[in-house]
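K.L.:
From first to last, the protein sequence lines are chains A and B.
Following numbering that gives the first Met the number 0, the numbering of the first sequence begins with 0 at its first residue and continues without gaps.
Following numbering that gives the first Met the number 0, the numbering of the second sequence begins with 0 at its first residue and continues without gaps.
Be aware that a few hints might be false.
The calculated lysine-lysine pairs, modelled on DSSO-like cross-linking and capped at a C-alpha distance of 27 Å, are [what the hints assert, rightly or not]:
1. K329/A / K87/B
2. K351/B / K65/A
3. K329/A / K242/B
These stretches of chain B come out as covered by chain A in the derived footprint (C-beta under 8 Å, 3 or more residues) [unchecked claim]:
4. 167-178
5. 190-200
6. 204-213
7. 305-315
8. 336-346
Among the chain A residues that face chain B by a calculated CB cut under 7 Å, a handful are [said to hold, decoys possible]:
9. Y12
10. T13
11. Y14
12. E56
13. N59
14. I84
15. A334
No lab work stands behind these hints, which were simulated from the structure alone.
Glycine is no exception: its CB is placed at the ideal position from the N, C-alpha and C atoms.
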Amino acid sequence: MTTLTHPALDKPYTYPDFDKPLPPREGDRVIQFREALREAMSEEMRRDERVFLMGEEVANYNGAYKVSQGMLDEFGDKRIIDTPISENGFAGMGIAAAMGGLRPIVEFMSWSFSLVAADQILNNAPKMLYMSGAQWGCPIVFRGNNGAGGQLGSTHSWCVEGLYANVPGVKIVIPSNPYDAKGLLKTAILDPDPVFFLESERMLGDKAHVPEEEYYIPFGKARLAREGSDVTLVSFGRPVHFCVEAAEKLAGDEGIEADVLDMRTIRPLDIDAIVESVKKTNRIVVVDQCWPFASIASEVCTQVMERAFDWLDAAPVRVNTADVPTPYAKGLEAAYLPNTERIAAAVTKLAGAR
Amino acid sequence: MPRKTVYTAEIDFLQILDEEGRFDESEGLENGQPILSDEQVAYLYEQMSICRHLDEVAFKLQRSGRMGTYPQNKGQEANAVGSALAMKKGEDWLVSAYRENAALFMHGLPMHNVLVYWMGDERGSKVPDDVLVTPLSVPIGTHMIHAAGIAWGMKLRGDRDRAVITYFGDGATSEGDFHSAMNFSSTLKVPLVVFCQNNQWAISVPREEQMASETVAQKAIAYGMPTIQVDGNDIFAVYKATKEARERAVAGDGPTFIEGVTYRLADHTTADDARRYRSPEEVQAWLDKDPLIRTRKYMVARGFWDDEKQTELEARTKRIVKEVVAAAEGIEKPSTTDFFDHMYAELPEELKRQRDTMRTSSLGQDPSQVGLRAEGQRV
Ligand SMILES: Cc1ncc(C[n+]2csc(CCOP(=O)(O)OP(=O)(O)O)c2C)c(N)n1
Ligand SMILES: [Mg+2]
C-alpha cells in the first residue's frame, strides 16, 4: 500500500489497495457506460463531501448526455453545478477549488470545447505542483466526450489525447468499456494529480456488467482484451473494439491470432505489458484514433523500438486516422477513422512481412 | 467632495410594432412614411415565412434520418431579416452563428447550402464568391473576433460605405472571445454591428443564470460602445436600430451593440427537448409575440395583405423549400479520398501517400504500400 503526502492533501494519502483482486467482469448487472460513470462519481461523492461536479448542463438538464442524471436531486446544487458557457472560466474555477483542497470533477460537454480553456488545463493544472515548489497541488478530474461522435463536424470531433499527452504533469485515462469506466473514474477522483478522463459519445450507451461494489482500477495497467501469439494489437478507447473484431476476423479467415491490449491509461503508459507481448509475438500494430503525426501510436512504436528492437521481426505499424480534420459527411468520417477493415489489412500485411 | 459619480448610463428599449400589430408613429415614421415601405414589409414577411417553413421541413428531415442535428430559427426571424435589410448586400460581411438563416439568404446564400451543411457536408460552407458570409464553427463565440478583424481591415483599407455585422446568442457573451471582440472593435473603432440574439436560453440555462446583468445590452457600456435593446420580434425596431448602427459604423464612429430581445420557440436543436426545462405557459406567452403574426396583422391593417395573398405565399414557400431540399439531397456523394483535397495549397508528398493507400492499410506510413491505390469509393 502506498502512502504519500501531497500539498493538496490535508493528511497523508493512502492509495486504494490496488493489490486487492478486482471483482469479476462477468455478471448480470448490466448497465450503460454513462451509468457506470455516474455510479463512480456518486460513490465518491457520497464518501467524500469535497467531491463536486461542475460544467455546462450538468445539473438541471441532468447532463447534456445524461451522464449526471439524477445527481442534482441527490447531491443538491452546491455540489452539482451548472455554469455559464465559459470553459476557461469553469476550468479555472475548478483548478482554484482543487488548489484549495476540494476534489472537483469538471465536465466538458465535449473535449473539443476544452480548446478554448487551453491555458487553464495545460498551462495551469499540470504545472501547479511543479511551479509552486510543491506548495500547491491540483487534484482535479476533467472529463467529457472525446473523439468523432458521429457527424459533428471537424471543430466538434476532437481526439485530444495525442495533443494533450505531450504535456508533462497530466494523467490521461481513456476507458473502452463500462466496467473499466467505473473503476478508472473512481481512481481518477481519488488521484492527487490532474486527470483528463476521455469518454466517447458513441460508447455512452454501451452496456456491460458492472459490479455494484466499489473497486478501483490502477492507472498504468493495461488489460489483455484477447490473447494470441502471432501479433500484438495495441489500442485505447473506442478502437479497442475494432481491434477485437479485427482479431476475431483474422483468427477465422487467416488463422492469425492476436494479443489485443487495451491500454486504459495513456499517461501513465503500461509499456511493460506491450513489451512483454511483443517478446511473444514479435510484431506490433498500434491503433490510435488520433492523427498519425507525433501521435501516441508514434510514441508506443518508439518505445517498443527502444526497449524491444531485437525482438521485432518487422517494423511496427500504426493505424491512425487520416491526417486531415474530421470529415463531416457520414461515409467520409467512417473512412477517416480506424476501422476493423483497415486494422485487419494492416495485420495481414505485417504478418506476411519479414 | 470625496466621493462623486463619475459615470452613469441608461439603456433605451425600442419597440415600434407591438404584438397586437400596433404601430408607434413617433419612432416608426420618417417624412410621414413608415420607415419600411409596404413592399419592404411584404418582402421581409416572405423571407421570414420561407425561413420558418425551411425550419419545419429540416426538422422533419432530421426526424426521418435524412439530416443531422439541426438548430431551428423559429421565433427569431425578425432579428435576422430586420438587421439583414439594414446591411448592404454585396458590400457588408455577415459573420453569423446558427440562428440567422434568413439573413444569410437575403444576402445571397443559396438556401440549399444551409441544408447541405447540416446534412453533414463541408460543401455546404462553400458559398458563391460574392456572398459575404463566413463558415460556421461549432465552438461558441470564436467567430465574433473575426468580425472585428474584418471590420478593422475595412477601416485600414479605407473602404467606403462598408461594415460588418456579427450575430451570436446571449450564452455566447460568457465566452472570453466575446470580450476580446468587444474590446478590439471598440478601441479600434471599427465599422461593426454587434448583434446579440437574446433568445432567453442557452440550451437549458436561462439568461438570468448565464449573467447577472439585467440586460445584455449593458455589457457594451463597459467597452464604451453605444448600445440599445430592441424588441427582436419587431422588424421595424430591429431594422431601425441596425440602420442607425450601420450609419455610425460607416461614418467612422465605431461599433454599436444591439440586443434583440426574442425567444427560441423551438428546442435548442433537434437533439434537445425543451419541455423538460421550461413551462408551456412561458412558451405560449412568446408564441403570442411571434414576429410573423404581428407583421401579418400590420400588413392586413395597412390593407395590402389578405387571405388570398397568404395562401399564395404559403404555396410559393412550399414550392421553394421543396426545390431546396431536392437540390441539397441531389448533391453528388463525396468520395472517400475527397478529404485530402483541401488540406494545403499543394498536397504534400506525405498526404499524397496517404491518399494513394487509403483503404489498404495504415494510411501510407509504410512506403511499400504506395501503388496499392484503391480509388475512392462514393460513400
Ligand atoms: C465552446 C463551446 N462550449 C459549449 C458548446 C455547446 N453549446 C452549443 S450551443 C450552446 C448554447 C448557446 O447559447 P446561446 O449563445 O444563447 O445561443 P442560442 O443557442 O440560444 O442561439 C452550447 C452551450 C459549444 N458549441 N461551444
Ligand atoms: Mg440563447
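K.L.:
Can you name, in rising order, the numbers of the hints this structure does not satisfy?
P.N.:
1, 2, 3, 5, 7, 9, 10, 11
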